[in-house]
Structures are given as structure tokens and as C-alpha cells.
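Trainee: Spelled out, the chains give:
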Amino acid sequence: MNAIPLLLYLAAGILYAFYFAERRASVGHAATAVLGLGAVAHAFITGMETMAVGRMPIASAPEAVSMFVWLLALAYLYMEMATEERALGVFIAPLLVALQALRAVSPVVDKKVPILESPWFGVHVASLLFAYASLALAFVVGLTYVLLFKEIKAKHLGFFYKRLPSLDSLDLMNARTVMVGWLFLTVGVAVGVIWTIQAKSAPVVDPRVQAISLADPKILASIVSWAIYTYALYARKRGFGGRRSAYISVIGFAIVLINFVPIGFFLTRSHNFGG
Amino acid sequence: MHLFLLGVSHKTTPVEVRERLDFAARGLGAALEALGRRPSAQEAVVLSTCNRAEIYVACDEVPAARADLLGFLAEYHGLEADSLAPHVYERVDADAAHHLFRVAGGLDSLVVGEPQILGQVKDAFAAASEERTVGPVMNKVFPWSFTVGKRVRTETAVAEGAVSISFAATSLARKIFGDLKGRTVVVVGAGEMGKLTAQHLQTQGVGRMLITSRTLAHAAALAGSLDAAALPWAELDAALGHADIVISATGSALPVLTRPQIEQVMRGRRNRPLFLIDIALPRDIEPAVGDLEAVFLYNIDDLQAVVQENLARRGAEVARAEGIVAEEVRRFETWLAARGVIPTVVALRQRFDAIRRRELERLQPKLAGLPPEAIPRVEEITRLLVEKLLITPTEQLKSTPDPERVRAYADALTRLFALDAEEPARREPGRDPAAPRADHAGPSVTP
Numbered sequence: 008m009n010a011i012p013l014l015l016y017l018a019a020g021i022l023y024a025f026y027f028a029e030r031r032a033s034v035g036h037a038a039t040a041v042l043g044l045g046a047v048a049h050a051f052i053t054g055m056e057t058m059a060v061g062r063m064p065i066a067s068a069p070e071a072v073s074m075f076v077w078l079l080a081l082a083y084l085y086m087e088m089a090t091e092e093r094a095l096g097v098f099i100a101p102l103l104v105a106l107q108a109l110r111a112v113s114p115v116v117d118k119k120v121p122i123l124e125s126p127w128f129g130v131h132v133a134s135l136l137f138a139y140a141s142l143a144l145a146f147v148v149g150l151t152y153v154l155l156f157k158e159i160k161a162k163h164l165g166f167f168y169k170r171l172p173s174l175d176s177l178d179l180m181n182a183r184t185v186m187v188g189w190l191f192l193t194v195g196v197a198v199g200v201i202w203t204i205q206a207k208s209a210p211v212v213d214p215r216v217q218a219i220s221l222a223d224p225k226i227l228a229s230i231v232s233w234a235i236y237t238y239a240l241y242a243r244k245r246g247f248g249g250r251r252s253a254y255i256s257v258i259g260f261a262i263v264l265i266n267f268v269p270i271g272f273f274l275t276r277s278h279n280f281g282g
Numbered sequence: 036m037h038l039f040l041l042g043v044s045h046k047t048t049p050v051e052v053r054e055r056l057d058f059a060a061r062g063l064g065a066a067l068e069a070l071g072r073r074p075s076a077q078e079a080v081v082l083s084t085c086n087r088a089e090i091y092v093a094c095d096e097v098p099a100a101r102a103d104l105l106g107f108l109a110e111y112h113g114l115e116a117d118s119l120a121p122h123v124y125e126r127v128d129a130d131a132a133h134h135l136f137r138v139a140g141g142l143d144s145l146v147v148g149e150p151q152i153l154g155q156v157k158d159a160f161a162a163a164s165e166e167r168t169v170g171p172v173m174n175k176v177f178p179w180s181f182t183v184g185k186r187v188r189t190e191t192a193v194a195e196g197a198v199s200i201s202f203a204a205t206s207l208a209r210k211i212f213g214d215l216k217g218r219t220v221v222v223v224g225a226g227e228m229g230k231l232t233a234q235h236l237q238t239q240g241v242g243r244m245l246i247t248s249r250t251l252a253h254a255a256a257l258a259g260s261l262d263a264a265a266l267p268w269a270e271l272d273a274a275l276g277h278a279d280i281v282i283s284a285t286g287s288a289l290p291v292l293t294r295p296q297i298e299q300v301m302r303g304r305r306n307r308p309l310f311l312i313d314i315a316l317p318r319d320i321e322p323a324v325g326d327l328e329a330v331f332l333y334n335i336d337d338l339q340a341v342v343q344e345n346l347a348r349r350g351a352e353v354a355r356a357e358g359i360v361a362e363e364v365r366r367f368e369t370w371l372a373a374r375g376v377i378p379t380v381v382a383l384r385q386r387f388d389a390i391r392r393r394e395l396e397r398l399q400p401k402l403a404g405l406p407p408e409a410i411p412r413v414e415e416i417t418r419l420l421v422e423k424l425l426i427t428p429t430e431q432l433k434s435t436p437d438p439e440r441v442r443a444y445a446d447a448l449t450r451l452f453a454l455d456a457e458e459p460a461r462r463e464p465g466r467d468p469a470a471p472r473a474d475h476a477g478p479s480v481t482p
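Residue numbers (the working numbering), protein chains in the order written: chain F, 8 to 282; chain V, 36 to 482.
Treat the hints as calculated values from the structure; they're not laboratory data.
Watch out, some of these pointers could steer you wrong.
Below 27 Å or equal to it, Euclidean Cα-Cα: the simulated BS3-like pairs (lysine-lysine) are [to be verified]:
(1) K216(V) / K160(F)
(2) K169(F) / K423(V)
(3) K169(F) / K157(F)
Since the model is a prediction, treat every value here as computed from it, not as a measurement.
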């Protein structure tokens, strides 16, 4: 089932690449339409899974990844509507395809975990996934900023120069997506902390809750990425936007991604509710 | 009817001749009016720009039109026709359309893909429409050329990328800052070159423009003409702290802006980008300034390189644009050929009708025996018969897509029915093979 949005994301990615190279408006519109269709199909499948399992499919790492992909597609589509700019689709689509492919090949889990019955769970996961989606956009925007910056600085006005929006608008998009991402990251982490305190005071403590500490790679990486984005905001406030912010958001998201996939799938001892 | 073009352009004619052939000075209306009085031009459009003077006419006889237009060109501008002849080029029918389509697409321009020419072609047609010197041919070929011009510009990259220094500087500014509204420009030096770029930025709607020069009066003079403010030289560094774009074009032999100076300025600006345009020779800004973070430094050679690169890229797109032009010319040729057969079709109809009348006349004595109300029926039925016989060949002729074949068909009809001869049927009334059939058809209509 998860192959349907995957194929639509792939098709959208191909169309975005074609649009980026040829810059034909009709292809761009088609790419948006296919991506929108992918997001709708994705929402439908997620809804079906929710009904089948009796909870939101966000407990295991592959499920969370899929939810993140969906949120990223929505966030990107929103940005596209707000800016009338489709050039970044070609950078977003590979992320969608790669992560959704991960979901498609992962086994489906349908058991209930008592600890996840807490109302804190939904808030914790949803805010973090939304933060990641926003930070993924910041990453792509930052990447394109650096590419365009290098072309202008080196006086080789080539491929990206003709296709990307201005440095100023990329910088603005970066500032906004980092801000939104940081806000949700903060909420997600804060809720996680409160929830942990609650869970640890319960009569029977789940072994995974006991594993929650800074020594757990998942938690450590989360704190590091939060610190990085906090610094990004601070630097921007002091006037160091532009290329520095762009680099920070690229590094920050690299850590988010490492945290999300290898750590989330294999290394964490506290956040493994799927296995 | 032929589409005929006679003209001069930057490709065939030196500027000394071109400037004497300029129609714009006395107004296109006057030229069109004078042209309308000439015998050869049934329709006329005059296209006059600083790079070309071209007359498009619809005419019946090309050699006559050529002589007439050459005479007009010489007479109107007070020149010798003989001195003009070597500079003038001419095109007929599809070749003329081909030329016009290339012109409208900017492919015949000095700078390939330049944007003004399409507007100039439109203006030329509008002026001719106003003077009522256009007809079926011009009303077809000119609007067609607008479409070709638009197709060439949207479907290929021939019109893409800046191809002048000031344009390149402006498009770079837009790529760095996006919207230029609310941006501050500082112009260092009050010379001609800086003025040009400043003017260009001004048309893009920059927020504030400050002009400084070692002599404040010079800066004030230029500021007055540019809707800008003059800035005392001593306040330059302070102004740079708030500037987004700096155009430097002084005549100074030593650098005006040095690396330590800009470093100091950037400290206050943090990472806010600063776009420095150095169009002075010798250079005004130390090259090392360009190494600073968030400083984009372009000197005149850099901008020239951008322009050259864009020109080369445009050049590479010309083949595709020519393909579009050729495709449209083929379609136009079909239309022209279809129009070209109209005289043949008319002649064929007249020939058939003449035969019909003659036969009715010849059979008058026999028809006299019919009842009086049958006579108009005979008239009607013979007319319908001729019409019906002609419908299919006429439609076939008009809908044949290949212009060569259309011409061949028209030629065949002309020969087979001797349409170019004076009523050949009259010579052999006795042996007219149609006679017995007409004889037979006549009475059979009355029941």
C-alpha cells in the first residue's frame, strides 16, 4: 500500500527534475499536481492504517518516517503556494522518495504498546515530526542558497543562477523554516521531558523508559540538533544570516536525519516501540 | 498577389546611408501616405528603426513594384536611385515572410533576441492600419509575425540573459536582493558610465539612490537629473554601512575603496550582502575586497564576461529559433498559395459560366417550344450543374497543404482550360463537345 504514494512521489520528482532543467511552466504545474496527489494518497493510506491498528501509525521508526514524509510534502506544497516558486521541488523530492521507500520495505507493526496510550505521546511525536519537516525545508533552502551564493561569488552565472530564486528570498525562507522548526522542536522535546518524568513515577516502569538518558544516542542527537538550531537563531539575530545560517541548517538537518534513520531504526534503546 | 519586401538594414548598409533612409523623422504616416499614391503598392507597411528601413507591399507585378519602390525610396529621401540599389535587398512571397518572421523574432537584430524589435514591428503595423494601407495580405502576415516573435522568445532562450553591462549589473542585483524596492544604491563618481547603470537601476525601482563625488557640485548635478540625493564625499563610509548596491565609476587613478575600508564597513553590517559594481578604468575597488564574506564584487570585465556568455548562449539557441521560423513560413506559404489560386478559380468559374450562357443562347430556338414557366427552370438547373461540377475541384485546390502542388494544380487548370487565352471556345462553336449533352440536359428537367 505504501508503494502508491512512493510511486507518485517518484513521478513528481522526475517531473520536478524535468521542470528544473527545461523550465517549462506546464511541467511545473504537472509536478505540483502529482505531488499533491501523492500527499492525498499518503493521507488516505495513513488514515486506513490508523483505523486498522487503532492508533496513529507513529509508534515505530518506519511509521514515523512515513509520517514525516507526508508532513514534508505538505509543508513543501504550502511553501510552493506561498512563494509561487517550484525550483526547489527537485531537491525535496529525492528526500521524499528515499524515506518513503524505507517505509515501504519495512514490516508493518500492529501491536499496541501500553506506554503509548498517554496523551503526551501524540503531542510529542507530532511536534517533532512537524519540526523535522520544517527543518528539512530549511536544509533544502540552505543548500540551494550555498549553491547560488557560490555561483555569484565565483562569477560563473550558470545553471543555478538561471533557475533559483534570489539569495534574499532563499535567506528569508531559511529564516522562517528554521524558526518554525525550532519552535516545534522545543515543544516536542519539552513534552518528552515532562512525559518521561511522569512515566518514571509510575508503579511499573517500562524498560524503555528506564533507558531514557543523555547516554541514549537518540536523545543525545536530539539535544545536539536543538542546540544547533538555537545557535542558528541566535546568529541570525546578531546579523549573521546568509551563508552561515544556510550552512548551519544543512549541518543541523544532517544530524536530524542521522537521528531519524540509523539511530531511530537500530541504535536507540529508549525509542524502540516497533520491535 | 505577391508579398514583396524592399529594404536596407545594418547587415547590408553602412550607417551613413541608413540614417538618410530613416522614415521616423517625418513620421510613418507621411511615408505611408506618399507610398499609397504609388501605383504598385496595393497594401503597404513601413518598418523603420535605427537598424533598418523596410517597405512591405502587396503587389501584382514584382518587377514593377521593385522599380516603383526603389524610385519611391530615392525620391522620398532625396537620393539617387542608382546609389541606393547596391544596398537594397528584396524578398518575394514566402521569402519576404521568412524575413519578417526573423525580424520579429529578433533573429535579424544586431543583438540577437533583443526585445524592442517586436514592439517596433507592431507599431509599424499599427501605423499602417491607421493609415488604412493594409489589406488581406498585411492583415495576415503581420499578426502572424507577432505570433512567431512571441513563440521564438518563449520557446527558445534567444532572448534570455542580460546582454549589456548595465542590464547584467541589474539582473545580478535582482538575483542577490530579489525585489529592489527599499534597497539603497550609492553611486561613487558622477561620470557618464555610472549614470547609465544608475539610470537602469532607477527604472527597476530602487528605494533610495545617493550620489557622491569628490566635487559635491558634480554629484548634485547628476543627482538632480536622476531623482537621487547628493552625498558629501566625507560621508561615503557611513553611507556604505546602509548601502546594498554600490556603483563605482570615478576617474581616479588609485583605488577609491580599499579592503581595510570595506572590512570596516562589513563589520557593522555583519552578513548583510553588499553588491559592489566597479565599472571604472582603472579600477576603483581593490580586487581583494571581493574575498570578504557577503561581498559580491564585479568589475567591468566580469560584467563583460557575463554578457559574452549570455550572447554565446543566445547564439546556441538561434538554430532552434530558425526552426520555428521555418515551420511558420511553411504554414504561411500554404495560406499564400491558397490565396494565389483565387484568380484561377475565378477564371475557371467564368469560363464554365460563359459556356453555359453560350449554349443556352445557341439553344434558344429549341427552348422556345417549352412552356414559359420552364425557361427559368432550365436556367437554374444549368447554373446548379456548373456549380456542382466546380465545388469539388475548388475545395481540393484550396485545401491542398503543399504550396508547390497547389501551384502545379493551378497551372494545370490554366493550361487544360486555356484560362490565360481569350475565350478559346468561341473559335469552335460547331464542334463543342458539350453541346449535345447540354441539349439533352435541357428538356429532361421538365417532367
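Trainee: Work down the list of hints and note, for each, if the structure agrees.
Mentor: Evaluated hints:
{"no.": "1", "hint": "K216(V) / K160(F)", "in the structure": "23 Å, holds"}
{"no.": "2", "hint": "K169(F) / K423(V)", "in the structure": "61 Å, violated"}
{"no.": "3", "hint": "K169(F) / K157(F)", "in the structure": "14 Å, holds"}
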